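With the hints as a guide, bring the two chains together.
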Amino acid sequence: MSSLTKRDISVGMVLLQLRTVIALVLLTAVFTVLVQSSRGINFLHPLNLITISKHVAITGIMAIGMTFVIITGGIDLSVGSIVGLVGMIAGGLIHEGLVLNIFGITIYFHVWVIILICLVLGVLMGGVNGLLITRLNVAPFIGTLGMMYIARGFANIRSGGATFPNLQGKAELGNQGFPILGAGKIIGIPLSIWLMILLLLVTLYVSRKTPLGRHIYAIGGNKRAAELSGVQVKSITTIVYMFSGFCSALVGLIIASQLVAAHPATGESYEMNAIAAAVLGGTSLAGGIGTVGGTIIGAFVIGVLSDGLVMLGVSEFWQNVIKGLVILAAVILDQTQQSMNARSTEAKDKKSQKESAA
Amino acid sequence: MDDSVILRAENIRKVYPGTVALKGVDFNVYKGKVNVLVGENGAGKSTLMKILSGVETPTSGRFFLGEEELNHLTPKSAAEKGIGIIYQELNLFPNMSVAENIFTNREIMKNPGWIDHKTQEEKTKVLLKRLEQDIDPKEMVRNLKVGQQQVVEIAKALAEDVNILIMDEPTSALSKAEVDVLFKIIDELKTAGVSIIYISHRLEELIQIGDYITVLRDGSLITEKPMEEVNLQWIVSSMVGGDSGKIFHSGDRNIGEILLEVKNLGLRGATEEPLLKDVSFSVRKGEVLGIYGLLGAGRSETLETIMGLHEDAAGEILLDGEPLGPPHIRTRIRKGIALVPEDRQREGLVQTMSVSHNLTLAGLWRIVKKKFHINRENESGSVEKMFKGMSIKASTPFVSITSLSGGNQQKVVFGKSLLTNPKVLLLDEPTRGVDVGAKGEIFNIMNDLARDGLAIVLVTSELKEIMAICDRVIILSKGNVTGEFDKDSMTEEALVNASAVGHMTTSQRMKGRVS
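Chains A and B supply the protein sequences, listed in that same order.
Residue numbers for the first sequence follow the working numbering, so the first one is 16 and each next one is one higher.
Residue numbers for the second sequence follow the working numbering, so the first one is 23 and each next one is one higher.
Isolated chain B (complex conformation) (with noise of 0.2 Å):
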């Protein structure tokens, strides 16, 4: 092996309130080279970068540039040695601008005491071009999709001239094309010796992009080999430490008659284009209706739009063929409509409560005796149902939900919508940032759900899994339904045309009609 390590960190331990995060891990980073980390959730994938970047400071343990030992790093400091990082929970400031954002802490002055607002615009526009995006560099972050702060994160790093490169999660958030976009600036970068420490959960992206691959396990250091030794097979075997065949898989359905009915969505945006245009479709007892699109299609509104979030959404709604009246969610809820939202820290969990509290949080009034009392065993109950039933990983229900892994946090926000008692579940990129084995118990417990009689909605950006779950998908494309394929019909590649369709220009559209 002739490729020199740029980065090494030596018996890394660190411990959380609650949980200890990593348990003496060694690290390598090959010069030049894409260094993948993997591992389930909870492994310390996550900590080992925040230590890294110099957010975290570790319990015990060394790490050295080169020869140099790094000690005492902060995140301004890791930034001066090159170090740059984009995480998987978004670090931005939503109240400044995208431009503000990127050159936060290392701002072009003008005069002393005075920041060249143009000069860092000028520049933003040209690390936006790069990344092909079409972002304003002086629009509030705030207006931002998810996907699009996404690539703003992106942005900042590369605005800052690094030799290492740690990408947590980058494509979580990203449509197909983007990742092709962010793959190719990983190419440049390689090229220009730049060292990427890649993380995701996306293990067919691994294998295209990664040159070394370090699993995690549990807070410890499994194996670190050279990708062209591994396949897809040894990697899940290596993170879950196993057996690994049912990953997902779709049992036979009974599909009944229909249970929602949704007819020309339309909302208003803050722009002058519309978030949705003309939204209709239905879904039945036990299926499951994948929706597909790229970022700003309009999907997860649909799904709000259905939830009542959206008090001035247009369009009819139907449950059971009764209207569902005018917006309100807890009304929505007591019919039998539940979310899982996408963002689980903005929107899913009350970080201040414990597991046990956010779990029955929606379906209190279901628990309750004579409308006002919570019934301990009542309450006592459900969350056990759920800890077996969803097999959160904590070590009491009276923990707090931040001392949990993100995968075991984004089962306890399942766990709350199921808890409700729902007919219809929404579930906005339910596997977001999950390893392969939370991804597939959740995915088990979507075809039980279906086949209990429950119709799911289920909007992803990963073909993969909409091929794997879903009898039935939509596409939508800039707010109105684009195409729309049975388990027959849908292939990766009609779906990701059907997806492009309000993207593309005429002639564009005319060529593809033609080939």
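So here's chain A without its partners, still in its complex pose (with noise of 0.2 Å):
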């Protein structure tokens, strides 16, 4: 009897731990039986999956900066008006070149030259964030929420409002090339899912073999133990700030190449989505716990709850009930993991009693 009491704690401990593997398993299931009885469409046909893994890849990218952000116990804001920011800074650069009225004549850059001005542009903007909260005591809900507005207003600044359209580039000007970060693949599968894999696979090895993983981890769990330990603390949170903005604009750069087009108010509320995928995937607000593997897990659940819903024609003010709605469950799901565990832990102890009175 005990043992078996024993057994079900365990399984249902180890479900609870897979939530949101088994959430996301059970959401393709349900999609897929609906879609199909109602639109006709196969829902797991490869073809789907990589336009929902596209999608995925613009949440996700931003949510693995993000992850390490609220690991250090803070937040980003900024990340949406980054993103639209660095894709109208790409824009303008190509569409009309680096006017310099000085001496009358107009740069046009290399497309990879914009690209990595764009990244250079959204490490700085991250950097500033970490500075405001680590060299000026700004609180990082505060810090980056004044980022964000700066940023989003210097992106429509930056086009008086206007979208620059045809960003193909021009051959005479020797710019042409920028669609490929959008529409190119490699064996049939689109750069940003690469770009994506690559930066988890990146994250995931610098989280879980290197000091600068340790020390992040150990900043969100007690910043003033990781102090005294010799953690270099303000560094090393700007340097998370840093990554969260260089993810922003890569994500920025994706979007502005997909549509071959930048428009202003591009990347609004994204930062929820990504909040969202690093909550879903285990990250906890309160700092210290959390993995980039998760966020990953937890940006394909929003993902397919998206996609999935769109294709059933549910409208989009209901999408955002339910998105809201699985959030709030995963949450719930994490406190009762908590007590479950407490409950595992005394059945042992009744198991070991047992034995040691036998």
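In case anyone wonders, no lab produced these hints; they're calculated from the structure.
As the structure is a prediction and not an experimental result, all values here were calculated from the model.
Incorrect hints may have been included.
As the list claims (entries may be wrong) - Heads up, simulated DSS-like pairs for lysine-lysine below, C-alpha to C-alpha not over 30 Å straight-line: (1) B:Lys-410 with A:Lys-238; (2) B:Lys-393 with A:Lys-224; (3) B:Lys-391 with A:Lys-224; (4) B:Lys-445 with A:Lys-249; (5) A:Lys-224 with B:Lys-357; (6) B:Lys-160 with B:Lys-299; (7) B:Lys-407 with A:Lys-238; (8) A:Lys-238 with B:Lys-299; (9) B:Lys-167 with B:Lys-140; (10) A:Lys-238 with B:Lys-160; (11) B:Lys-167 with A:Lys-238; (12) B:Lys-509 with B:Lys-445; (13) A:Lys-249 with B:Lys-167; (14) A:Lys-249 with B:Lys-357; (15) A:Lys-224 with B:Lys-445; (16) A:Lys-238 with B:Lys-445; (17) B:Lys-391 with A:Lys-238; (18) A:Lys-224 with B:Lys-392; (19) B:Lys-206 with A:Lys-224; (20) B:Lys-509 with A:Lys-224; (21) B:Lys-392 with A:Lys-238; (22) B:Lys-145 with B:Lys-160; (23) B:Lys-415 with A:Lys-238; (24) A:Lys-238 with B:Lys-393; (25) B:Lys-357 with A:Lys-238; (26) B:Lys-393 with B:Lys-445; (27) A:Lys-249 with B:Lys-393; (28) B:Lys-145 with A:Lys-224; (29) A:Lys-249 with B:Lys-145; (30) B:Lys-392 with A:Lys-249.
As structure tokens, this is what we get:
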């Protein structure tokens, strides 16, 4: 009897620990059935899965950066605006070039130079976030909120609110090739998905196998103890925000490239998707706990949910309601897991008591 | 035995994730007496007290207040029944004033919805006066030192009309003078019919103050006796379950040349009075230097300054004759300075990490390959070495640090410092809230380290520890060095006198000199 109870509990525990994966599998199964029966479309068709993954990559790349920020106990609300601003900068540089009035010339950069400029810009904006938080003691929520408005403002200022269209570039200016980031494929899989996979692998390694990763977790778990252990709290926190800025800039480039256009409102409220993916994946807003692997699964849950609901023709308003419910359910399950842990220990204890009595 | 039992616990069990804290414990509290509870770290004392005060719910078991069975006790209902508690780990709100802390959840109201801050502050002043403490009721708790916070905890418990007062290690952060005041208050409370449950690792204290003694070991009740029937040896042997001879002993050490030299340290604090005025001393290889002093003497600040925590500190610090350079913790750790901080929860441990990751946190740079890759074998090797060397009790190195008992957590903090391979080890109250067994182990390790040529600076409030292990001791008082004694000249009396120098009025000092 006792062993049966114990097994029940441990099975339950495993289910709970894998809850995001299970949610993902269940969601996919449900949509497969529903989409097939109502629309006659195969949800599991490779092309559809690639489309979903392409959407997931947008949220996923940002969420990887966000995960580290949240693990340090912070938050980055500026990521969506950085996406928008970076898109506009890239669009402007391709479309109008860099106009230097003093010399009366206009410089058109090579696409790779533009991409580099944009990534550096994202890192710098993240760096400003980091400096605000670590050197000027601004709360992360407020510091990145300020950056969110500033970056969005500049995105609009860049074009006066207009869209930069036709970012293919021109042969005579030597700046062609920008769309490759959005449209390019390797063995049939879009570049954005490869970029997400690459980032995932790199960050998995950094978070598990390097002092930098260990220090990020330590800062979120107990900043003071980390500091006294020689962890460079300020520098590492700044690096984490710079990395988040880098991820957002990358997303900004991908989106502009996919649309072959840059619009200043791009990326609005994306920060919330990134936070939601991280939290769904088990990242604790209190800091110190979370994994990038979990975050990517969280991003897939959101992606499958959104795309599935769209394919079923559910209205955008109801999509939001359902997304909200899923996030709440995830957090409630998190609490349940903790009390399950306690009960499992008790079961083990009872068993060992019986054994010692026998 | 004609004393009546006021509170009775029967067969209390409590299970936490990863550990069983209590395995069916009975416990009696006698009315108007000091009921002492002892046991090693992890024996379940603190858990039992948390259950009695309604903070934790027992997994099973019953308890009775007089004849009435208590069910579903919450902190609030326990307080209403007259059960008050002073915790081992401080439970104050750092962002609120002393008075607000004392009246939390039983605020004195003016009109409905309005807190009467003035009355609260006046009442707080009276309470603190009774404790002979000069603390402003309006002061934010975060600005108080640990010892002062402890006093606030005591005042908070006194403010409630308690029948039963639980004191979990109330003296661990107090100086001798403050302990005397506390004992006077305990006597007053006893006379007023209050029953005290008293937990401490300072065994001499227990014999002095206790009426009944209950011993716990590994979550089980060992025995309960009136205090007059027992002595120190009996307590120690029932706690550790057998051999107790080797508590601490300092062996012969080879003291070498000067390793660390500290010259004219100064440090400004938030108040006008500087935290450190002029502190100079040196430590030799293989030497254990004690730093003794009352609260606020600048002991912790001295260690923190050596560690590089205070960027604005004045003075010079030399290691091996070389200046240590700008205050930068990481550099100083790599140069061979390590600190075991005073407050292990706040400063020592990363609660979200495993035992293993906590152990290697400060010394990661020593086990990386090519400067960035954490080598698994190196890491598990270091962890294993510390598990053996410190005899850390945990099922595996991968369990959460929070599932360990206080003493084992302290060993992890200690081990973390050792894994940086230090030349100078700074220890700030390393045995605070640690049981006799673990204390002995820590002292043995200190002895071994000193014999290996480390210089150790030990800050402690326990005179007996200083006498037992230190080769030399300096006394701090109000940020100045007021005395230095070597092994032959140190007596408890001399240390206490020197520690009170800055605190006495001039006339007292004159008297002291005359006599």
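The hints, checked one at a time:
{"no.": "1", "hint": "B:Lys-410 with A:Lys-238", "result": "28 Å, holds"}
{"no.": "2", "hint": "B:Lys-393 with A:Lys-224", "result": "11 Å, holds"}
{"no.": "3", "hint": "B:Lys-391 with A:Lys-224", "result": "10 Å, holds"}
{"no.": "4", "hint": "B:Lys-445 with A:Lys-249", "result": "27 Å, holds"}
{"no.": "5", "hint": "A:Lys-224 with B:Lys-357", "result": "25 Å, holds"}
{"no.": "6", "hint": "B:Lys-160 with B:Lys-299", "result": "27 Å, holds"}
{"no.": "7", "hint": "B:Lys-407 with A:Lys-238", "result": "27 Å, holds"}
{"no.": "8", "hint": "A:Lys-238 with B:Lys-299", "result": "29 Å, holds"}
{"no.": "9", "hint": "B:Lys-167 with B:Lys-140", "result": "24 Å, holds"}
{"no.": "10", "hint": "A:Lys-238 with B:Lys-160", "result": "28 Å, holds"}
{"no.": "11", "hint": "B:Lys-167 with A:Lys-238", "result": "20 Å, holds"}
{"no.": "12", "hint": "B:Lys-509 with B:Lys-445", "result": "23 Å, holds"}
{"no.": "13", "hint": "A:Lys-249 with B:Lys-167", "result": "26 Å, holds"}
{"no.": "14", "hint": "A:Lys-249 with B:Lys-357", "result": "21 Å, holds"}
{"no.": "15", "hint": "A:Lys-224 with B:Lys-445", "result": "28 Å, holds"}
{"no.": "16", "hint": "A:Lys-238 with B:Lys-445", "result": "25 Å, holds"}
{"no.": "17", "hint": "B:Lys-391 with A:Lys-238", "result": "26 Å, holds"}
{"no.": "18", "hint": "A:Lys-224 with B:Lys-392", "result": "12 Å, holds"}
{"no.": "19", "hint": "B:Lys-206 with A:Lys-224", "result": "56 Å, violated"}
{"no.": "20", "hint": "B:Lys-509 with A:Lys-224", "result": "48 Å, violated"}
{"no.": "21", "hint": "B:Lys-392 with A:Lys-238", "result": "26 Å, holds"}
{"no.": "22", "hint": "B:Lys-145 with B:Lys-160", "result": "12 Å, holds"}
{"no.": "23", "hint": "B:Lys-415 with A:Lys-238", "result": "26 Å, holds"}
{"no.": "24", "hint": "A:Lys-238 with B:Lys-393", "result": "23 Å, holds"}
{"no.": "25", "hint": "B:Lys-357 with A:Lys-238", "result": "22 Å, holds"}
{"no.": "26", "hint": "B:Lys-393 with B:Lys-445", "result": "22 Å, holds"}
{"no.": "27", "hint": "A:Lys-249 with B:Lys-393", "result": "20 Å, holds"}
{"no.": "28", "hint": "B:Lys-145 with A:Lys-224", "result": "56 Å, violated"}
{"no.": "29", "hint": "A:Lys-249 with B:Lys-145", "result": "43 Å, violated"}
{"no.": "30", "hint": "B:Lys-392 with A:Lys-249", "result": "24 Å, holds"}
In the structure shown, a violation is registered for the earlier hints numbered 19, 20, 28 and 29, in ascending order.
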